Amino acid sequence: MFELTFSVNGKSITKTAKKESEVRRLVYLYSNGNHAEKEAMIKEVIASKNENDFVNELKNK
Amino acid sequence: MAGICKPNCVTALPNFAAVDDCDLLASFTSGEIAVILFMKCNLEFTDIDDANEWETKITNGNITIPFAGNGKIDEQAESGEMRIKCTTVSTVQRKPFEFTSPIVDNVAQTEWDKYNSIMKQRLGLVVAFLTCDNILLISPDWVSGEVPGLGLSSLKVSQIFSGEADGKMTYKINGEIAESRSLKRVKLSPETVEILTSTNTGS
Chain A
1 MFELTFSVNG
11 KSITKTAKKE
21 SEVRRLVYLY
31 SNGNHAEKEA
41 MIKEVIASKN
51 ENDFVNELKN
61 K
Chain B
1001 MAGICKPNCV
1011 TALPNFAAVD
1021 DCDLLASFTS
1031 GEIAVILFMK
1041 CNLEFTDIDD
1051 ANEWETKITN
1061 GNITIPFAGN
1071 GKIDEQAESG
1081 EMRIKCTTVS
1091 TVQRKPFEFT
1101 SPIVDNVAQT
1111 EWDKYNSIMK
1121 QRLGLVVAFL
1131 TCDNILLISP
1141 DWVSGEVPGL
1151 GLSSLKVSQI
1161 FSGEADGKMT
1171 YKINGEIAES
1181 RSLKRVKLSP
1191 ETVEILTSTN
1201 TGS
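Chains as they are written, first to last, in the numbering used here: chain A, 1 to 61; chain B, 1001 to 1203.
In isolation and in its complexed conformation, chain A is listed as follows:
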């Protein structure tokens, strides 16, 4: 599960995505910037989730 918070023009929206494809859809819909910036954002969100999963996995061992 991914939780994304978009803050644009002083407005804030929080959305959750179950899959990476949903992260992509939400970033393209709610964020500002060109496609390269959006792709970078998507990579960042997915990487942070993977990092958290790895930490949780270590904690559970």
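If you are wondering where the hints come from, they were derived from the structure by calculation, not from laboratory data. On a predicted model such as this, the values are computed, not experimentally measured, just so you know. Each residue gets a CB set at the ideal place from its N, CA and C atoms; glycine is no exception. Check before you lean on any hint, since a few could be wrong.
The calculated label-pair distances, taken between Cβ atoms and stated as ranges, are [what the hints assert, rightly or not]:
1. His35(A) - Thr1091(B): 22 to 28 angstroms
2. Lys18(A) - Asp1133(B): 18 to 24 angstroms
3. Ser12(A) - Ser1162(B): 50 to 56 angstroms
4. Gly1124(B) - His35(A): 29 to 35 angstroms
5. Thr16(A) - Glu1098(B): 36 to 42 angstroms
6. Gly10(A) - Lys1006(B): 32 to 38 angstroms
Dock chain B against the given chain A, drawing on the hints supplied.
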């Protein structure tokens, strides 16, 4: 003669994702407009897929959704051409649309007045469209807090009596969007679609 090469104009070209070659039909989407929406030209949305936000704005009379029908958005027309550095630049770009509905209010016969009301207020309106796949088409620049509607460069509502045997009267809405780029496609949640398709508020 070709224009002057300006490689600095290219920053990063998009990488189109792979599609499922075995099921190409799954990668297609509807080319039909099922619903047309007009809204106040300064109406901002915080969350375009929030059913409550839509309902409030409809209730407040800031959005009107004419009866459902069938419509299309055509290829943009470009004009006002100028030659700059051996390249033709079009200074005016407009996307024509057309929407037809045969639905009328056969109980109270009120829809003609509502269409007239839309026409009377057209200078303060922007437009959005809902496709048969529940995709809302809005301004490509929309982000939270901005106006999602598309600016109109013209709008016309016609009441058509074709005169054909057993023909039905239709309302035809056509006009041009002041936009040449591809429109932002928003897959709406079922809750939001329900609000947009069950509420025919008129104006």
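May I ask which of the numbered hints given earlier this structure violates, with the numbers listed in increasing order? Every hint satisfied by this model.
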